[in-house]
Amino acid sequence: MDIKINLADGVPLYRQIVNQVRYMVASGVLEAGEELPPIRTLALQLKVTPNTIVKAYGELEAAGVVRKRHGSGTFVSDAGPSRLATRERRRIIEERIDALLAEARHLGISLDELFKSIQRRHALLAENTPADKASGEE
Amino acid sequence: MRGPVVAMLWEWWRITCRQVLFFGIIALAAGWAIFARSGPDPRAAFAAFMLLVSLAPAGAVAAWSRNPFAGYPLPLAFSRPVSTRLLVGVPMAYMAFICAAIYAVPAIVLRVGFGAPLPVAPVAALLAAAMAFFCASNWFTRNKVKRLLATIALLIAGGPVLRWMGPWHVANGRLVPPPLQVDSVQLGPEHYALLVLAAVGAWAATVKGVEAQRHGDDVAEQGRSTSAAPGRAAQKGMVEHFRDAVDAVIRIPCPTSSPLAAELWIEVRSRGLPVIAMGLVVALLAPAALALATKGGLMVLLSFAVLAVFIPFLSGVSTSFWNRASSLRAPMSAFEATRPMGTARLAAVQIGVAVAAILGAWALIATAVALSLPLYDGAGAAPLWRALAGRPAAQVAGVVVLGVAAFATVIALLATVRALGAIYGTRLWLGALAVVAYAIGLAFAVATDVVSEAAIGAHLWAVAVAIPIGTGYVSVRAVAARVLRAGQLLAIAVAWIALAGVAAFVARGMGAAIEALAPAVAALTWSAALLPLSAAVVAPWAYSRMRHV
Amino acid sequence: MTNVVEVQGLSRQFGTTKALDAVDFRATEGLVHGLVGVNGAGKTTLIKHLLGLLRPTSGTVRVLGLDPVRDPVNVLRRVGYLSEQREMPEWMRIDELLRYTQAYYPSWDMRYARELLDTFGLDAKKKVGGLSQGMRAQTGLVLAVAHRPQVLILDEPSSGLDAVVRQDILDAIVRTVADEGRTVIFSSHLLDEVERMSDRVTMIHQGKIALDGMRDDVCGAHHVTQLRFAERLDRLPPLDGVLTASGGARSWSVVHAGPVERLRDAAGSVGGEISESRNATLEEIFVARVGRGAPRAEAA
Numbered sequence: 062m063d064i065k066i067n068l069a070d071g072v073p074l075y076r077q078i079v080n081q082v083r084y085m086v087a088s089g090v091l092e093a094g095e096e097l098p099p100i101r102t103l104a105l106q107l108k109v110t111p112n113t114i115v116k117a118y119g120e121l122e123a124a125g126v127v128r129k130r131h132g133s134g135t136f137v138s139d140a141g142p143s144r145l146a147t148r149e150r151r152r153i154i155e156e157r158i159d160a161l162l163a164e165a166r167h168l169g170i171s172l173d174e175l176f177k178s179i180q181r182r183h184a185l186l187a188e189n190t191p192a193d194k195a196s197g198e199e
Numbered sequence: 240m241r242g243p244v245v246a247m248l249w250e251w252w253r254i255t256c257r258q259v260l261f262f263g264i265i266a267l268a269a270g271w272a273i274f275a276r277s278g279p280d281p282r283a284a285f286a287a288f289m290l291l292v293s294l295a296p297a298g299a300v301a302a303w304s305r306n307p308f309a310g311y312p313l314p315l316a317f318s319r320p321v322s323t324r325l326l327v328g329v330p331m332a333y334m335a336f337i338c339a340a341i342y343a344v345p346a347i348v349l350r351v352g353f354g355a356p357l358p359v360a361p362v363a364a365l366l367a368a369a370m371a372f373f374c375a376s377n378w379f380t381r382n383k384v385k386r387l388l389a390t391i392a393l394l395i396a397g398g399p400v401l402r403w404m405g406p407w408h409v410a411n412g413r414l415v416p417p418p419l420q421v422d423s424v425q426l427g428p429e430h431y432a433l434l435v436l437a438a439v440g441a442w443a444a445t446v447k448g449v450e451a452q453r454h455g456d457d458v459a460e461q462g463r464s465t466s467a468a469p470g471r472a473a474q475k476g477m478v479e480h481f482r483d484a485v486d487a488v489i490r491i492p493c494p495t496s497s498p499l500a501a502e503l504w505i506e507v508r509s510r511g512l513p514v515i516a517m518g519l520v521v522a523l524l525a526p527a528a529l530a531l532a533t534k535g536g537l538m539v540l541l542s543f544a545v546l547a548v549f550i551p552f553l554s555g556v557s558t559s560f561w562n563r564a565s566s567l568r569a570p571m572s573a574f575e576a577t578r579p580m581g582t583a584r585l586a587a588v589q590i591g592v593a594v595a596a597i598l599g600a601w602a603l604i605a606t607a608v609a610l611s612l613p614l615y616d617g618a619g620a621a622p623l624w625r626a627l628a629g630r631p632a633a634q635v636a637g638v639v640v641l642g643v644a645a646f647a648t649v650i651a652l653l654a655t656v657r658a659l660g661a662i663y664g665t666r667l668w669l670g671a672l673a674v675v676a677y678a679i680g681l682a683f684a685v686a687t688d689v690v691s692e693a694a695i696g697a698h699l700w701a702v703a704v705a706i707p708i709g710t711g712y713v714s715v716r717a718v719a720a721r722v723l724r725a726g727q728l729l730a731i732a733v734a735w736i737a738l739a740g741v742a743a744f745v746a747r748g749m750g751a752a753i754e755a756l757a758p759a760v761a762a763l764t765w766s767a768a769l770l771p772l773s774a775a776v777v778a779p780w781a782y783s784r785m786r787h788v
Numbered sequence: 020m021t022n023v024v025e026v027q028g029l030s031r032q033f034g035t036t037k038a039l040d041a042v043d044f045r046a047t048e049g050l051v052h053g054l055v056g057v058n059g060a061g062k063t064t065l066i067k068h069l070l071g072l073l074r075p076t077s078g079t080v081r082v083l084g085l086d087p088v089r090d091p092v093n094v095l096r097r098v099g100y101l102s103e104q105r106e107m108p109e110w111m112r113i114d115e116l117l118r119y120t121q122a123y124y125p126s127w128d129m130r131y132a133r134e135l136l137d138t139f140g141l142d143a144k145k146k147v148g149g150l151s152q153g154m155r156a157q158t159g160l161v162l163a164v165a166h167r168p169q170v171l172i173l174d175e176p177s178s179g180l181d182a183v184v185r186q187d188i189l190d191a192i193v194r195t196v197a198d199e200g201r202t203v204i205f206s207s208h209l210l211d212e213v214e215r216m217s218d219r220v221t222m223i224h225q226g227k228i229a230l231d232g233m234r235d236d237v238c239g240a241h242h243v244t245q246l247r248f249a250e251r252l253d254r255l256p257p258l259d260g261v262l263t264a265s266g267g268a269r270s271w272s273v274v275h276a277g278p279v280e281r282l283r284d285a286a287g288s289v290g291g292e293i294s295e296s297r298n299a300t301l302e303e304i305f306v307a308r309v310g311r312g313a314p315r316a317e318a319a
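Chains as they are written, first to last, in the numbering used here: chain A, 62 to 199; chain B, 240 to 788; chain C, 20 to 319.
If we strip away everything but chain A, and leave its shape as in the complex, we get:
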């Protein structure tokens, strides 16, 4: 599992792991029923204390993203992946939108200007990458 943690992020390490797992579930990198690495393995890989992984897995379980199975491992829950994914995707985008709005306010850019910029950039992007739109990546 390709997770990276960044100490300088200001976000607690377990939260970073939770976010990245949610992202991977939402984008389909992790499929329903797939097993997450054991705590020990992930702790060794990321060079963090195992209790951080325990906390992260715990929060993921509480949020219904993963499920523990009788001590034999942690698995992505199969509770309606598309529903989960959609909710997750929306959450991620909304976070980015919040950040964009805050930045725009600081820079003194109005909402209208922002919409126009988004449309302009979208058109540019559509021109340059016609074929990739169908691959289903974010």
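Note that these hints are calculated values from the structure, not bench results. We treat Cβ as the ideally placed atom computed from N, Cα and C, and that holds for glycine. Please note that the accuracy of each hint is not assured.
[To be verified] Partial list, computed: chain A residues near chain C (C-beta under 8 Å):
#: 1; residue: M62
#: 2; residue: I64
#: 3; residue: L68
#: 4; residue: G71
#: 5; residue: V72
#: 6; residue: P73
#: 7; residue: Y75
#: 8; residue: P98
#: 9; residue: I100
#: 10; residue: R101
#: 11; residue: A104
#: 12; residue: K108
#: 13; residue: V109
#: 14; residue: T110
#: 15; residue: P111
Dock chains B and C against chain A, hints included.
Frame of chain A; chains B and C shown alone:
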């Protein structure tokens, strides 16, 4: 390995095995040599006996001579799950055992092989007990002063044991030892019980002391044990203490005019002045010691003499050539080795300051003793002055110059041996020990007329030839390696010639003639006269080997 | 969860210097505890008390419920220790050293020890004196973990080591905790390491506990916030909870303890507003609290 006790015994054996085996074999060989010649002669037996008895503790102690830790010698063991009682008891028992064994095994072999009248069990028990006390006196505290006092007390207590051996007497101007029999030393069961009790008492006292070391109680008095190893922080020896004391009184800023001046400053400050301060302290004790001697007798005088001679000497020699090694990897600390100064000059300054400091300390002590003599026997030093006044001043001056030169040679050679020891380690020490043991054996053999004069003659010739050859070889190597410039070598040679001139002058004045000596001795005397030159050449070379490993 | 280490009111004096002053420290089972502090703050002194290598001047120390000074054998048997100097007999070979250490610990696992030697690539026939710094640390680590101690105590385990050997040390910490929930206590200068590897962080400064709490709580309680002011300021006025400040004119960056809202109110009262805020890293907290620009009094 089964259990901590076995592990500890194994560890101690591994640390001491070379010295134990070495001394044991030397003891056996020397005894064999003596008895092979003279059979079970009681006089020869006594020589052998004294040899064995002195080699045994020497062997046990030699194993620890290079241990840098004060107090308990293996503080690494403090973090192991062993009780302090075992930590002290097992090694103490081990040391006592090997000390007794170095004596007992050769003694038994000689007794069986030659019928030599060597007492075994009682002496072994005494040696074991003595070793146990010696360990106790050195392990119970890290404080150097306390340890020194304990060792001295032990030596003083050991005196009566020697007297127990029997009547010594003087005949034909030689000290004749008592004849040795198997039962010369007798210990009844109550004596054995007393020894065991005393040893157990020593063990218990040591456990208390080591407990304090283990739990850092004594670190409080020594100062903070920072990132250094547990025992090393407390290694602030007497010289360091005196250095700090001197610093509190005199503080001369370092001269920046030349490297030589600066080097002299650091040597004088770190070694020269502290040693002289130590000499001053001992000198101040002289009146008290002499006053006590009239009551306490020979022992007090002897102890004071030992202190007076050895404290300045050991301190002057120890810090410079021993603790300079910063780590176990480099024989010379980087701080010293990277100073932009020629090795020869560095060596000269170090040795020169050491010599001056020790002689200065001794001079202070001698003056104090001379001034306090009236306290001892009323006559004072008057007879001494009279004897000196009888000689011409030039003679006296010449003798003084020769004395200083001889002493400087000794110190330089000691520095050389230490420097080489730092590089070659155990090999050199074993070699040196072998030579010393051989010499001791030879001396005993001669003293008991076991070996004829001719053998000695051969040895003397060998040494007499070796010295000039060795000196020549090292000179060539030193100049080739640019340790000594040709000019410096020339200066040394010229100085030596001047010294030789003084020696000849003094010898003629004293009426001694070299021609009258036996050829072997004469050859050795000529060679020995070369020693100052040898030392002056060999010391820088050894330093250079240490500096550029 | 039980406390494997309980230190209460521990004070230790060396002559006139007070190395530790009424220190309270608890280590909970199954967690990794990080000790941070500047050189000479008292980390090694505290650790030595846990091993019985120092006796408290006042206060109590209990490791696994036992007093390490009065019961050294039972405590030390269950503790693995790697000292800062990695003191080991120089003359022993590594395989001899393993056998020798095995004799002291009934729970020694020789197979595991040999596995570790292989993993680290150590030659068992080499003498300890001939090892490099990194190899010494690895050997010392093997000795400390091979008997599967209940508590693993590491004093500056990464000091002087290259990145490769450092990974080995961190792996050992992870393994110890992940397997059967044993406890690790380690002191370090490398704050990024402490931040990743600790569950609980304790900061010692001048012999006193400056900070003690779960890592996420500690980092979450401190923030680095960017402030923007309407007017140019030569100096930032003292604001509630602010530990250090840097910047100039209208833009300032502060490290502060306490919730961001509190700073917002305080800054608002002097005409400033918050533009960005994030959790502080352990290094930023450390420098703010005990660095040279740190406030003298204890901030909340």
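* To do: Would you settle whether the hint for P111(A) is holds or violated, based on the nearest Cβ-Cβ distance to chain C being less than 8 Å?
  => OK, holds: P111(A) within 8 Å of chain C, min 4 Å.
* Asked: Against chain C, is V109(A) within 8 Å by beta-carbon distance?
  -> For V109(A), the interface hint holds, since the closest Cβ of chain C sits about 5 Å away, which is under 8 Å.
* **Cut-off 8 Å, beta-carbon criterion: hint that P98(A) touches chain C** => Where the cut-off is 8 Å and the nearest Cβ of chain C is about 12 Å from P98(A), the hint is violated.
* Asked: Can we keep the R101(A) interface hint, with Cβ of chain C closer than 8 Å?
  -> 4 Å, holds
* Taking the closest Cβ pair, is T110(A) under 8 Å from chain C? -> 5 Å, holds
* Against chain C, is L68(A) within 8 Å by beta-carbon distance? -> 5 Å, holds
* **Restraint outcome when I64(A) is required to lie within 8 Å of chain C by C-beta distance** => Because about 13 Å separates I64(A) from the closest Cβ in chain C, which is outside the 8 Å limit, the hint is violated.
* Cut-off 8 Å, beta-carbon criterion: hint that V72(A) touches chain C -> 7 Å, holds
* To do: So, G71(A) near chain C? Judge it on the closest CB pair being under 8 Å.
  => 3 Å, holds
* **Satisfaction of the I100(A) interface hint, Cβ to chain C closer than 8 Å** => 6 Å, holds
* Using Cβ atoms only, decide whether K108(A) comes closer than 8 Å to chain C, and label the hint accordingly. => 5 Å, holds
* To do: With chain C as the partner, please determine if Y75(A) meets the hint condition of a C-beta pair closer than 8 Å.
  => Because about 7 Å separates Y75(A) from the closest Cβ in chain C, which is inside the 8 Å limit, the hint holds.
The structure fails hints 1, 2, 8 (numbered hints given earlier, in ascending order).
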